[in-house]
Amino acid sequence: MSERRSLWEYANPRKFMGLSGTILPWITIAGGVLLVVGLIWGFFFTPDDYRQGSTVKIIYLHVPSALMAINAWFMMLVASLIWLIRRHHVSALAARAAAPVGVAMTIIALVTGAIWGQPMWGTWWVWDPRLTSFLILFLFYLGYVALWAAVENDDTAADLTSVTCIVGSVFAVLSRYAVNFWNQGLHQGASLSLDPEENVADIFYYPLLVTIAAFVLIFVALVLLRTRTEIRARQLRAYMARERMQ
Amino acid sequence: MMPDLGKYATSVLSAYGASIAILVVLIWASLARSARVRKSLEAFEAKRKGNG
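First to last, the protein sequences are chains A and B.
Residue 22 is where the first sequence starts when you use the working numbering, and the numbers rise one by one after that.
Residue 214 is where the second sequence starts when you use the working numbering, and the numbers rise one by one after that.
I should point out that these hints are in silico values taken from the structure, not numbers from a laboratory.
Quick caveat, the model's predicted, so the values are computed rather than measured.
Treat the hints with caution; some may be incorrect.
Derived coverage of chain A by chain B (criterion: at least 3 residues anywhere in the stretch with Cβ under 8 Å from a Cβ of chain B; other residues may be distant) [said to hold, decoys possible]:
id : segment
1  : 93–101
2  : 133–142
3  : 184–192
4  : 257–267
Calculated lysine-lysine pairs in the DSS-like style (CA-CA distance at most 27 Å, straight line) [what the hints assert, rightly or not]:
id : chain 1 : residue 1 : chain 2 : residue 2
5  : B       : K220      : A       : K36
6  : B       : K262      : B       : K252
7  : A       : K36       : B       : K262
8  : A       : K36       : B       : K252
Cβ coordinates follow ideal geometry from the N, Cα and C atoms, glycine included.
Construct the entire structure; sequences and hints are all you get.
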């Protein structure tokens, strides 16, 4: 009779370390290869856009990073809810591990957006609903990371940051859907759409899909690596605390 | 081999340069901390084993 396995098994740090140690090299290699292929394809082998000229090449960095900045927050939300409901330490540490990666993705999206916006809109920044909610999401990321660093007790830090994550999710949702909620601002609608009229042209779309896949895999690889580090750091703190008590 | 980026060359190249730099810093920082914590943990476990 086959043993039925559950996803919750990986809430056990030892099992998580075993599985993540096995899959991490493969995810890293796949993410690296796809990033190189996607960026070379997009940069060297796609034409200029008839309206945006060569700035269209920024899409291969701006869209995947913005997508990951928002989705990283949703991943942190799920992990935070698991922590609050089931008290699995690995999920709290995974949320903590994802935050700096989300910060980096948000910075890339903000920087590339500003660089792209300047020649197209004539300004680096505008207080448009999508950009503003994205900036607030960035500030939530910084607050989340600072809160983890400021609170000494790991469980209290996990509780407080989980609540911060739930509140910040409003801005993650707004970052994605602000364009639909308020029909104003300079930022265009979604680059990826099921509506062929709205979706980017195929010649830009396929390399964009490759870079999106690369960013997803790089995100997963970094979160696994950083979660493993957090598990080890927590173990080290526990050893040191035990030694101090002896 | 280098595509002609025209008048937007500075914008495109700076976007790529900044993004790749941020990714490199993120990956390097993650690997460095991972190595540091792993080394500390191994040293601590070796010391504990040594103490019996």
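Hint check results:
1. Only when three residues or more bring their CB closer than 8 Å to a CB of chain B does the claim for the segment 93–101 of chain A stand; here the count is 0, and the claim is violated.
2. A stretch counts as covered by a chain when three or more of its residues have a beta carbon under 8 Å from one of that chain; for the segment 133–142 of chain A and chain B the count is 5, and the coverage holds.
3. Counting residues of the segment 184–192 of chain A whose CB lies closer than 8 Å to any CB of chain B gives 0, so the stated coverage by that chain is violated, three being the minimum.
4. For the segment 257–267 of chain A, the stated coverage by chain B is satisfied: 3 residues place a CB nearer than 8 Å to a CB of that chain, which reaches the threshold of 3.
5. For the proposed pair K220 of chain B and K36 of chain A, the alpha carbon gap of about 54 Å is over 27 Å, so the pair is violated.
6. Only pairs whose Cα atoms come within 27 Å are accepted, and K262 of chain B paired with K252 of chain B is accepted, the gap being roughly 15 Å.
7. Only pairs whose Cα atoms come within 27 Å are accepted, and K36 of chain A paired with K262 of chain B is accepted, the gap being roughly 23 Å.
8. Restraint check for K36 of chain A and K252 of chain B: satisfied, since their Cα atoms lie roughly 21 Å apart, inside the 27 Å limit.
The earlier numbered hints that this structure contradicts are 1, 3, 5.
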